[in-house]
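J.: Now for the letters of each chain:
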Amino acid sequence: EAGVVQSPRYKIIEKKQPVAFWCNPISGHNTLYWYRQNLGQGPELLIRYENEEAVDDSQLPKDRFSAERLKGVDSTLKIQPAELGDSAVYLCASSLESGGASGELFFGEGSRLTVL
Amino acid sequence: AQSVSQHNHHVILSEAASLELGCNYSYGGTVNLFWYVQYPGQHLQLLLKYFSGDPLVKGIKGFEAEFIKSKFSFNLRKPSVQWSDTAEYFCAVTLFSGSARQLTFGSGTQLTVLP
Chain A
1 EAGVVQSPRY KIIEKKQPVA FWCNPISGHN TLYWYRQNLG QGPELLIRYE NEEAVDDSQL
61 PKDRFSAERL KGVDSTLKIQ PAELGDSAVY LCASSLESGG ASGELFFGEG SRLTVL
Chain H
1 AQSVSQHNHH VILSEAASLE LGCNYSYGGT VNLFWYVQYP GQHLQLLLKY FSGDPLVKGI
61 KGFEAEFIKS KFSFNLRKPS VQWSDTAEYF CAVTLFSGSA RQLTFGSGTQ LTVLP
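So the sequences go chain by chain: A and H.
Be aware that the first sequence starts at 1, since it is given in my numbering, and climbs by one per residue.
Be aware that the second sequence starts at 1, since it is given in my numbering, and climbs by one per residue.
Be aware that one or more of the hints could be misleading.
Derived list of chain A stretches under chain H, where covered just means 3 residues or more per stretch with a C-beta under 8 Å from a C-beta of chain H [as the list claims (entries may be wrong)]:
no. : stretch
1   : 43–49
2   : 82–90
A few chain H residues that don't get close to chain A, going by computed Cβ distances all over 12 Å [unchecked claim]:
no. : residue
3   : LEU13
4   : TYR36
5   : LEU44
6   : LYS49
7   : ILE68
8   : LYS78
9   : GLY108
Derived from the structure by calculation, the hints contain no laboratory data.
The beta-carbon is built from N, C-alpha and C at its ideal position, and this holds for glycine as well.
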């Protein structure tokens with residue numbers, strides 16, 4: 001079974017530039033998450049989707065971050081414009097149950113963003 | 001606000017030593033508890049989980065964790081570590097608030113096992 005696929009693995013950009021990350025969850029997983037992991041910290045939830053609906057985006061900085069999951073399968077996270085503090089690893093995860101009730105999330109390998 | 005604390009940021013052990021990583025959470029309601037592991041160059045993966053019942057749960061690769069409700073703790077243990085256990089370990093808690101369930105992670109503990 002294929003796991004959660006993310007791209008790109010690494011991205012280096014200058015501040016004020018836009019950047020986008022893509023995620024393809026495990027087939028059949030209706031719930032998709034985007035997390036941000038800063039250096040030396042644990043993952044922090046940015047947004048959670050149930051199918052194509054964003055059901056928890058309270059931690060997403062909406063002035064510069066946006067996300068979409070148009071067909072309820074793969075998803076894109078965008079930052080525009082990027083700031084120095086956005087340097088982090090962006091993790092995508094998926095789960096089978098609604099709301100991740102069992103707590104077992106399946107993570108991708110992450111996209112490491114460096115903003116210069 | 002809910003929080004998960006892992007007080008050990010970096011632990012260094014020799015092979016065959018015993019391991020205990022601490023995890024505390026700040027919430028008095030119903031919780032589910034998890035340990036995730038991230039091996040070098042790999043993605044986060046579930047090590048073990050506790051929902052209810054026996055507070056001593058066993059996971060993969062000889063790891064176990066004990067839920068002590070009175071101490072709000074869920075410490076991870078292994079009697080004898082191996083070099084291959086070198087990884088970063090994250091405690092995580094799902095807090096139930098109404099219909100919302102949010103998985104909150106601790107800051108992680110880097111375990112280095114010396115051969």
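J.: Each hint needs a verdict: does it hold in this structure or not?
T.: Okay, the hints, checked on the actual structure:
1. Against chain H, the stretch 43–49 of chain A contributes 3 residues with a C-beta closer than 8 Å to a partner C-beta. That satisfies the three-residue criterion, and the hint holds.
2. Only residues whose beta carbon comes within less than 8 Å of a beta carbon in chain H count, and the stretch 82–90 of chain A has 0; fewer than three means the coverage is violated.
3. The claim that LEU13(H) is not at the interface with chain A holds, since no C-beta of that chain comes within 12 Å of its own (minimum 20 Å).
4. Under the 12 Å C-beta cut-off, the non-interface status given to TYR36(H) relative to chain A is violated; the minimum distance is some 8 Å.
5. Against the 12 Å criterion, LEU44(H) falls within the reach of chain A, whose nearest CB is about 4 Å from its own CB.
6. At roughly 6 Å from the closest C-beta of chain A, the C-beta of LYS49(H) falls inside 12 Å, breaking its exclusion from the interface.
7. With a closest Cβ-Cβ approach of about 19 Å to chain A, ILE68(H) is found to remain outside the 12 Å limit, as its non-interface label requires.
8. Every CB of chain A is more than 12 Å from the CB of LYS78(H) (nearest about 20 Å), matching its label as outside the interface.
9. Non-interface status of GLY108(H) relative to chain A is broken: a Cβ of that chain comes within 12 Å, the nearest being about 5 Å off.
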